[in-house]
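Visitor: What follows is each chain in one-letter form.
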Amino acid sequence: MAPPDRRYYFRVSDFVGEVITDDEGFLADVRRLYYEQAEPTLNPHVSFRISVDRSLNLNKIHTIKGIRGLELTLITAFYPSLLPALDHHTNRVLIKTLQPYCLIQGGFTAFQGKGLLLVGGPETGRPLLVRALTERGWTYYGDGMVILNMPGREAFHFPKSIALQRPANPLTRFREGEKTFRDPERTSAFYVLPDNRAQTWREVHPVHSIAFTSRQDGDGPELKAVSRADALLRLMENAYDQGDDDGLRFAYLAGLVRETDCFRVNIKGLKKTTDLIIGRIAASI
Amino acid sequence: MAFDKGTELMDRLPLISERMAYQEFDGEIVLFDKKGKKTFKLNRVASLIFFFCDGSHSASEILKELIRVFPKDNPSVLSADLRQTLEHFEKEGIVR
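Heads up: the sequence lines are chains A and B, in that order. Straight run, no breaks: the first sequence in my numbering ends on number 285. Straight run, no breaks: the second sequence in my numbering ends on number 96.
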């Protein structure tokens, strides 16, 4: 049994996680990523229980037990740094359990009360765009996975900062002195949470615009109109399959594209691209 | 044989499968297959065909409607479009 200071309770959306570990570095990482602390006496129903014991050997099997009997296994040898694994597996649990919500592969930022949902895979340049907007003063709500609060038109603050990571050969910098089997080209990354972020995991913001990110050849960045049918198709392509989809998410996303400004953004130079987006959003204020 | 198959197709009364959810935007249909978890977007002609797949219109009757709605289009081209669309609908389980 780990002493009390080796336990940490954190909150992700409506869920409470408990970490028990003898690995101080791992605990510090968890505190940094899952910065919203939960009060265990007020939250007796722990949704995730993560037990990590790294003291014996690197190949020890660790488990993450999720709610509804879901059990996830981490093998240290595959995860020299456990934090990305925890992040990944926590996301998996959330995807399965956040049934009243709609999960989209994308990012979410807000500017002067206008919420912008950026939809697209990381290869489209979306993470860079989220980061660039955040660096220009937009409020960061999350990237990688956006949780939409059905049936409202709101996005949760969900800073799974996959996108805001910095390349990190750097496991040695990330976890000083830690040995790793990992190919330096495939190491994990720093998690960088900007200061101008939403303040709690439960904070929500209305969605006003949806931008579909893409990278195409051309002279410069451009914003192009996208039909609502195409917008719905793209949203569905980027929605996580939560296993029980009976068409509710489809109907919800259709409603979302009917009520929001949808456009495609071809990213070409972050400064110019963000200028265009800011101009479009500002025009709607 | 292809002709026979096509003739048979044109005599059917296609009906949208219950597993399909759909949304219409300015004449374009987006379909979601609740069972297959696939999403489709139909063009305007296919969207019109989709709306007539109500179990009471045969393919031949749908063709007449297409010719009425698109009077400038070549009827043989519309017929080929219809046949191709219905075959696609059947293959994807959009109609039964």
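Worth flagging that the hints you see were computed from the coordinates, not collected in a lab. There's no promise every hint is true.
[As the list claims (entries may be wrong)] Facing chain B, a subset of chain A residues (Cβ under 8 angstroms, in silico):
| id | residue |
| --- | --- |
| 1 | 16 |
| 2 | 20 |
| 3 | 237 |
| 4 | 247 |
| 5 | 269 |
[To be verified] Computed beta-carbon distance windows for the label pairs:
| id | chain 1 | residue 1 | chain 2 | residue 2 | range |
| --- | --- | --- | --- | --- | --- |
| 6 | A | 224 | B | 87 | 42 to 48 angstroms |
| 7 | A | 217 | B | 24 | 31 to 37 angstroms |
| 8 | A | 227 | B | 64 | 26 to 32 angstroms |
| 9 | A | 272 | B | 64 | 51 to 57 angstroms |
| 10 | A | 247 | B | 9 | 25 to 31 angstroms |
| 11 | A | 121 | B | 19 | 49 to 55 angstroms |
| 12 | A | 137 | B | 88 | 44 to 50 angstroms |
| 13 | B | 9 | A | 255 | 41 to 47 angstroms |
| 14 | A | 225 | B | 60 | 56 to 62 angstroms |
| 15 | B | 37 | A | 51 | 32 to 38 angstroms |
| 16 | B | 73 | A | 196 | 54 to 60 angstroms |
| 17 | B | 71 | A | 223 | 49 to 55 angstroms |
| 18 | B | 38 | A | 222 | 50 to 56 angstroms |
| 19 | A | 32 | B | 55 | 43 to 49 angstroms |
Ideal placement from N, C-alpha and C gives every residue a C-beta, glycine not left out.
Visitor: Look at each hint and say if it fits the structure.
Guide: Hints and how they fare:
This hint is violated: residue 16/A has a C-beta 31 angstroms from the nearest C-beta of chain B, more than the 8 angstroms allowed. The beta carbon of residue 20/A is not positioned within 8 angstroms of any beta carbon in chain B (closest approach about 37 angstroms), and the interface hint is therefore violated. Because the closest C-beta pair between residue 237/A and chain B is about 7 angstroms apart, less than 8 angstroms, the hint holds. Checking residue 247/A against chain B: minimum C-beta separation of about 4 angstroms stays under 8 angstroms; hint holds.
At its closest, the beta carbon of residue 269/A sits 31 angstroms from a beta carbon of chain B; the interface hint therefore is violated under the 8 angstroms criterion. The beta-carbon spacing between residue 224/A and residue 87/B, approximately 33 angstroms, falls outside the hinted interval of 42 to 48 angstroms. Against the hinted window of 31 to 37 angstroms, the Cβ-Cβ separation of residue 217/A and residue 24/B comes to about 34 angstroms, which satisfies the hint. Residue 227/A and residue 64/B have their C-beta atoms about 29 angstroms apart, which keeps the hinted 26 to 32 angstroms range intact.
Here the CB-CB span from residue 272/A to residue 64/B is close to 53 angstroms, well matched to the stated 51 to 57 angstroms. The hinted window of 25 to 31 angstroms between residue 247/A and residue 9/B holds, with their beta carbons roughly 28 angstroms apart. Separated by about 28 angstroms at the C-beta atoms, residue 121/A and residue 19/B break the suggested range of 49 to 55 angstroms. The hinted window of 44 to 50 angstroms between residue 137/A and residue 88/B holds, with their beta carbons roughly 48 angstroms apart.
Between residue 9/B and residue 255/A the beta carbons are some 35 angstroms apart, a value that contradicts the proposed interval 41 to 47 angstroms. Look at residue 225/A against residue 60/B: about 38 angstroms separates their beta carbons, and that is not inside 56 to 62 angstroms. Evaluation of the 32 to 38 angstroms hint for residue 37/B and residue 51/A yields a pass: the beta carbon distance comes to about 34 angstroms. About 55 angstroms separates the C-beta atoms of residue 73/B and residue 196/A, a value consistent with the hinted range of 54 to 60 angstroms.
At about 37 angstroms, the beta-carbon gap between residue 71/B and residue 223/A misses the expected band of 49 to 55 angstroms. The beta-carbon spacing between residue 38/B and residue 222/A, approximately 30 angstroms, falls outside the hinted interval of 50 to 56 angstroms. Between residue 32/A and residue 55/B the CB atoms are about 59 angstroms apart, so this pair departs from the stated range of 43 to 49 angstroms.
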